[in-house]
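Visitor: Residue strings, one per chain:
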Amino acid sequence: MSKRIIEQQAETLIFELSDQNRRRSSLSPDIDVDKACLELPAHLQRKKKCELPQVGELQVVRHYTRLSQKNFSIDTHFYPLGSCTMKYNPRACNTLAQLPGFTARHPMAHTSMSQGVMSCLFDLQNMLTEATGMQQVSMTPMAGAQGEFAGVAMIKAYHEHNNDSQRNEIIVPDAAHGTNPATAVMCGYKVKEIPTNDQGDIDIEALEKIIGPQTAGIMLTNPSTLGVFERKIKLIADMIHNAGGLLYYDGANLNAILGKVKPGDMGFDVIHMNLHKTFSTPHGGGGPGSGPIGVSKRLQPFLPVPMVGHNEQGYYWISEKELPLSIGRLSAWMGNVGILLRAYIYALLLGRDGMKRVADFATLNANYLLKRLMAADFEMAFPERRASHEFILTLKNEAKKYGTSAMDFAKRLLDYGYHAPTTYFPLLVPECFLIEPTETESKDALDAFVDTLIKIREEAEQSPDLLKEAPFELPVRRLDDVKAARELDLNYYLSEKYFSKDSSQD
Amino acid sequence: MSKRIIEQQAETLIFELSDQNRRRSSLSPDIDVDKACLELPAHLQRKKKCELPQVGELQVVRHYTRLSQKNFSIDTHFYPLGSCTMKYNPRACNTLAQLPGFTARHPMAHTSMSQGVMSCLFDLQNMLTEATGMQQVSMTPMAGAQGEFAGVAMIKAYHEHNNDSQRNEIIVPDAAHGTNPATAVMCGYKVKEIPTNDQGDIDIEALEKIIGPQTAGIMLTNPSTLGVFERKIKLIADMIHNAGGLLYYDGANLNAILGKVKPGDMGFDVIHMNLHKTFSTPHGGGGPGSGPIGVSKRLQPFLPVPMVGHNEQGYYWISEKELPLSIGRLSAWMGNVGILLRAYIYALLLGRDGMKRVADFATLNANYLLKRLMAADFEMAFPERRASHEFILTLKNEAKKYGTSAMDFAKRLLDYGYHAPTTYFPLLVPECFLIEPTETESKDALDAFVDTLIKIREEAEQSPDLLKEAPFELPVRRLDDVKAARELDLNYYLSEKYFSKDSSQD
Amino acid sequence: MPYIPHTPNEVEEMLRVIGAESIEELFDEIPQELRIDLEKSTSGLDAIPLGQSEMAVQRLLSEKAMLDGTPLCFAGGGAYEHHIPAALWEVATRGEFYSAYTPYQAEASQGTLQVVYEFQSMIANLTALDVSNASLYDGASGLAEAVLMAVRANRKAKSKRILMPETVSPVYRQVVETIVKNQGITLESIDFEQTSGTINATNLRSQLDNDESFAALVIPQPNYFGSLEEVHQLTDWAHEHGGLVIAQVNPTALALLEAPGSWGEKGADIAVGEAQPLGIPMSSGGPFIGFIACKQQLVRQLPGRIIGRTVDLDGKPGFSLTLQAREQHIRRSKATSNICTNQGLMATAVTLYLSFLGADGLQKVAASCVANTQKLIALLAQRPEFKFPFGKTVFHEFVLELDVPVDTVLERLAQEDVVGGINLAQQQNDAQAIDRHRNQLLICVTETKTDEELQFFSETLIAICSDISSLSQSEGELS
Amino acid sequence: MPYIPHTPNEVEEMLRVIGAESIEELFDEIPQELRIDLEKSTSGLDAIPLGQSEMAVQRLLSEKAMLDGTPLCFAGGGAYEHHIPAALWEVATRGEFYSAYTPYQAEASQGTLQVVYEFQSMIANLTALDVSNASLYDGASGLAEAVLMAVRANRKAKSKRILMPETVSPVYRQVVETIVKNQGITLESIDFEQTSGTINATNLRSQLDNDESFAALVIPQPNYFGSLEEVHQLTDWAHEHGGLVIAQVNPTALALLEAPGSWGEKGADIAVGEAQPLGIPMSSGGPFIGFIACKQQLVRQLPGRIIGRTVDLDGKPGFSLTLQAREQHIRRSKATSNICTNQGLMATAVTLYLSFLGADGLQKVAASCVANTQKLIALLAQRPEFKFPFGKTVFHEFVLELDVPVDTVLERLAQEDVVGGINLAQQQNDAQAIDRHRNQLLICVTETKTDEELQFFSETLIAICSDISSLSQSEGELS
Ligand SMILES: Cc1ncc(COP(=O)(O)O)c(C=O)c1O
Ligand SMILES: Cc1ncc(COP(=O)(O)O)c(C=O)c1O
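Protein chains in written order, with the numbering used here: chain D, 2 to 507; chain Y, 2 to 507; chain G, 4 to 482; chain H, 4 to 482.
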């Protein structure tokens, strides 16, 4: 008799716990709604009451607490998701950023009652400026992609300011993150892709061919999304600059070089940082992020506002009045201030000594993992190169031999309690895993991960279906993505509407 | 091929993650320990350094976060543990009690800087006094059992003060909680047990026989731990009082009668409350609790100190100076103040209207569950009686028919995601479940629980081993309690010492 | 070493496996001349202090937070103070939500995925539209995404012209301008009625520069001045003229005000807004969360992440990211937007808020805002010098015209630990607009204010204004 | 209805199933005359206000908390301010720890059970004893339990006499008295040396009333005055005379000071203390947590819960409550103690604290306490009128004798938002003791104090004392 006889139940939807007759809790004020509504014109009032779930407080807490347990997270699992820098989010950053003096501040509060938070922001601006080697930093972008937008928009504003508006192309390597080309297009540019050579470096000849008077700039990460450092960066910078273009640095991989080398020193004109990566603000299941941008001297006039300045009277907001050429505003106020505070706290805790350690140990962990996996006969995309803070493993041999894809390995890893590395990115490496252990993981965790990959490869050989049908141990088995896209069900109320239509038919 | 091929791993012990060479974090000050130690006499210093685990911060967070997920709790599961009142712990009580002004206060801080917290304590004292119908309340006892101790010690002090010291017996019903007799003994009393009749009431004749000039008092819960209200309480009170004894009320079941009937009005002289039950302060995996005691007029002089008083100058501490006959102190200061604050916040949120609702809906839920289970042919200990906030189911028929014990049912319930009711207490009902749903559970939860019990009974009939070997779905299967007691392993370091001795032998 | 778990022995062993002498050696592919030279101050890290203990940082941050305090706040304008259930952030910041990433591995992310599916459903229900995405950065950038979406979606009009009334928040308009201008989209202003502070719905056409088609009309409700637009008439007008309708709405107000999906004959096409009022603290303006919902037929134009309900191999229901072919990580330069990281944790918070409050609770919050606002209006109306230029029919914000300069008043209020509202003129760029809003203060009142606080605020405001005006009069007399 | 999820329909349906007309009817077994009469003020609930919204309660509590503030604290005496890692309470108050009960169902409580097993191991290691229980209420009541335990355990002495030095905290002694007196146990005082503030270990016997045997000697380390007892000598003396040794210790100090298990030849038999310094806020004195550890042979005399490691049906390791036969719920009137609910959540916090800090971290905290204390002593020594009656060899507390009344000084310090320490005389009951401690202030300094704060405190204290003494002098001169 099988021991496991109880199917794990799907968690009900909050809506299924709801009853519109449930009476309310201590969470809303006690008031006569109809009477208050007399103040509002009748024809502008809602006719059909909204149907938000009416659920008891315990039931809400229980529902979401149980749901939370269905997630993998850094706090519960090793999460070597390449390009995402899933490192420990120190809890101090969260508790201190939630101090009432910070959370209660209205964005338009008088500066005389805002000197505390403004001093934090000012200090952070300066630390980020120093760490990246740029001239000035603006912190309003609310994620990496918005930082990219701001950066490329500044490049555009710069060329337009110089009446250099025939420049309509942005160059992007084939391995670039999707946000790079998407951003270039949002800024009205055409995208030109350049290939990577077999060492993971940019194909300089191809680059040479593509550069011209139409070149507005190039977007690069360094180390790249291939997990290696672009050694010819100085040459590339010169080539672009000589052609009148500017260099954009995608700072998603800053964790690899913090305290080691500065993008400003490599010749970049503009950089975004992903504070939710390098400065360890939480990914939160998909944000909020924060994507401050730093610029070289020539782009300074175009920085987005507001920023924080300081003079004898104290801290003040730098607005369009002080910066008339600014590309403008990117958020209603100062971007994700609460996230900036977390990054600030993290930066204070680390200090310059700690920042250098980030790159040291992120790189140590990646190179150790790389070597251990190579020793176990896994194939690397760039076996000759040093790993940066991440590296690429290709499972193409396993795919050929056992018919198991990188995705199958990924899903089987979940069964063993490991979040999968990034799969199928960058696209140019077949059946790839982009593996980023981060500096906050221990040697023990890395060793156990290697052992597990070896074990899974054995399973692939002996019973490949174990991989193809994995995961088995999670709240759900592999999901039907095709059905998800074909029979769109994005809204409970709508699906229930259709559902009830259906059921009324039979 | 079985799908489930990965054994759930036991969580390693924190000690196994430790390495004494690990260097420390930002959590301790940076200081030269040896130099500081020069201030301490060498012969009084520690020779062998302690071996507390040296683990990275992420690894600690991950370890305990994962461990937490191995618990059932109110926030995740229905938890109908009779006598324990596992109801929702409103989060507001926790967040507000943790305000820095409360947590930072040193117990000996000057009263001029303590008026805030003292006013909360004063208000709570008064609310508890009113809710129980007693004359005065002291809140220093740190759990129900310490409340019992204080109460019985006051009874003793009272008799001694009246030079009535031949009274050396405390009467306790056979169904009483173990703390009752244990407390009586701690206060130097002999315990006399009286039986319960088949209606769950006290056997009045037996009581009559036992009462005498040696009777110091009686300890009762009402409703009793049998889940029924003692209807002759007034008669019993008169009998005891006429004999010169006093009545102690074990307030563990106060949830059943809050806002409905007051222990003071039933004739009790002293009562403890379990704030972690009725006033919903958290059970915390085993405390902290809080067990304030209320007394009638005659016991007022003996109350434990400190309490909070109020006069024109504000709030002040009532100490032995004001209360020379006090039994004294039970904790270094004022008991579990942080828990008292949570209870205070809960009381404010409920108000007198909410308190009455507690008893209403706790009783409604219990009686509904009782009737539904009876309709499903489960046998009740007292089928003729109203349930109070809890009731007793006996699984003796199932034991006879299928060979499955109440414990087997309990373990199988865990598989279905329900915490088991209290089993084998009170001992006088065979194969019993003491079931207390509490007022914060929904009808849906109760219905699903009934369905599950029915299903388990079907399993008992068809495949009793499913019950006997349960649980299957939890982090561990049934544990070997005999081994636990025989081969005591209470301390990792000690067991490892033995372990390494063993291994060095072969 | 803060957050680094390695022991010296482990480092040694790891280097041995790698075959390197030192960690430093691992950076040998980086050209030496680029390396940070800790000796040099130009290429060093001098401006960054040494690492501090958590205790020291806690002390520092506590002092800074204390400096700003927790003033009595009557400012709104896009950031609103509401009561946040105590349980909300305790659940939302559980490690499993806080420290997870975007749910790429669906099976290991069912928690986040189901939460977002519930979020989408709630936003759709609140706006009475069919579908919502998983969030955008904030309300202002969300409005820009809605504009881009409308331009893509309105294939009939094929226009890059957007009608943008001046009753939309000036900062929102600035953000939209920044984000859409590089794609050749033009924002055409529509003036408002001087007596009502709302768009004149009856002669809209006459206010436009030309008769050409437009992609969409933006309709704010309530608008920036707190006033209520004639949304039905405006929606129908836009649809008649081949434009889409973008509703820019306050989600709390939607508990009482007509939902965009039910505006006019056919309903707004896209609804967008700032969901901060639903459980997120004001936090100096962020992190907030933009929401966007639309009619089913526009779903493939939605930017950002979308979660769908589906089934697993065993037929059991589950959730996953869907329609990823719109997104930049698949479609790259042809994506509907470059957004990647969105505001996931905030979406979790909003979902929790709406679950805790429910339909009734949200209605009560909204009604309480309305009632409290009217109470303050009544108190302020006692001073005859105060004017209500746009009337008193508002949701929870209103414009008050003072007889003295707003700047000075706000500064004096700040000394009383009060955030008095928003100086409307200060937000304007051109002289005419500045003049038009001279002495105008935008005041917001939510359910958080007690009668005593309203009384205190109105008395203080009146006292300060009397004081200033008598001062300036006496100065006038003297000079 | 706060915290009640029932809808009216459900209530109706439930009553139907029960067969009752109303909820009221369910209480029909309660004699009518006992029922609360909401009309009557004597038997009503008038003194309890109506329920309030969470928002209103939050406002009220915030005001009350603000009233007490967060003063600079130099008081110890059993409650100590230490830095608490930010992650600690975020993890400890996770719902799964916070809202679980005592782990009776072991399989559904492995989280709590393993945490407590780890707690026991850490306490045992810190005290260098074999076994620990799962916690007691607090240090004071814990000492009482240790006394009861020693009396039960010392079968040789068969004595109910406990030697209780006056260097043990006076409140601890009072609590022990309250708890043990009903069992005929006597506490015999031992005086301390006037020059050192410690027990005179060399002529102990001569200080006793008689030569009869005793069950145990209590040895505090560091003692109430912060001074260090000659624990080795004292332990050996007690053992030689057939008594057990109860060590009453500060757990932070144990990082540097000799562990009880290693005192003298054979080590203390029982160690007990207050674990609050390990991650628990001062919170007006509770909830705190008592710890108790002992030698293996005394394990069956331990009060309270004990967790053991064992295996499950499949041989997999797991944890469960063990030795329950000692406890009241099984053994009833013959239990080792009546304790049931203990301080579980606090044990979780302590386990987290010790895991976050580790051996090194705890050493550093302790060393920093020592160093900071000596710094303050040096600063205060500058004022010649100040005396250090018991010397300066202390852990993190010391007694300072002022030249002016302590009461007045503490009150003046309170006005500066400083908790200046503990008035030793105030804690005494008899006139002689009061006299002996006249003008004595017990001051504590932990790692939380910066040099600036020490400077500020010493200057303020010196200034206040100078001020008072010159005032009283001039008054003296006048009169
Ligand atoms: C290389 C790279 N660039 C850009 C981004 C975009 O950053 P964000 O997600 O913060 O918008 C990412 C994030 O995944 C990235 O990995
Ligand atoms: C009936 C009864 N009395 C007394 C107690 C003891 O209370 P505490 O655990 O708070 O010491 C309990 C708690 O389980 C109980 O159920």
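Hints are supplied without guarantee of correctness; some may be wrong.
Short derived list, chain Y residues pointing at chain H, Cβ under 8 angstroms [to be verified]:
| hint | residue |
| --- | --- |
| 1 | K71 |
| 2 | Q136 |
| 3 | D202 |
| 4 | I205 |
| 5 | L208 |
| 6 | N337 |
| 7 | L415 |
| 8 | A421 |
| 9 | L467 |
By construction, these hints were calculated from the structure, which means they are not laboratory data.
Just so it is clear, CB atoms sit at the ideal spot from N, CA and C, and this is done for glycine as well.
Visitor: Decide, hint by hint, whether the structure agrees.
Guide: Status of each hint after checking the structure:
Interface restraint check for Y/K71: the shortest CB-CB distance to chain H comes to about 4 angstroms, inside 8 angstroms, so the restraint holds. At a threshold of 8 angstroms, the smallest CB-CB gap from Y/Q136 to chain H is about 12 angstroms, leaving the interface hint violated. Because the closest C-beta pair between Y/D202 and chain H is about 10 angstroms apart, greater than 8 angstroms, the hint is violated. The interface hint given for Y/I205 is broken, as the beta carbon of that residue sits about 15 angstroms from the closest beta carbon of chain H, more than 8 angstroms.
Hint status for Y/L208: violated, given a least beta-carbon distance of 18 angstroms to chain H, over 8 angstroms. Annotation: Y/N337 was flagged as interfacial toward chain H, and the flag holds, the nearest CB pair being 4 angstroms apart, inside 8 angstroms. With its C-beta approaching chain H no nearer than about 5 angstroms, Y/L415 sits inside the 8 angstroms limit, and its interface hint holds. This hint holds: Y/A421 has a C-beta 5 angstroms from the nearest C-beta of chain H, less than the 8 angstroms allowed.
At about 13 angstroms, the closest approach between the beta carbon of Y/L467 and any beta carbon in chain H exceeds 8 angstroms, and the interface hint on this residue is violated.
Going through the hint list in order, the structure does not satisfy hints 2, 3, 4, 5 and 9.
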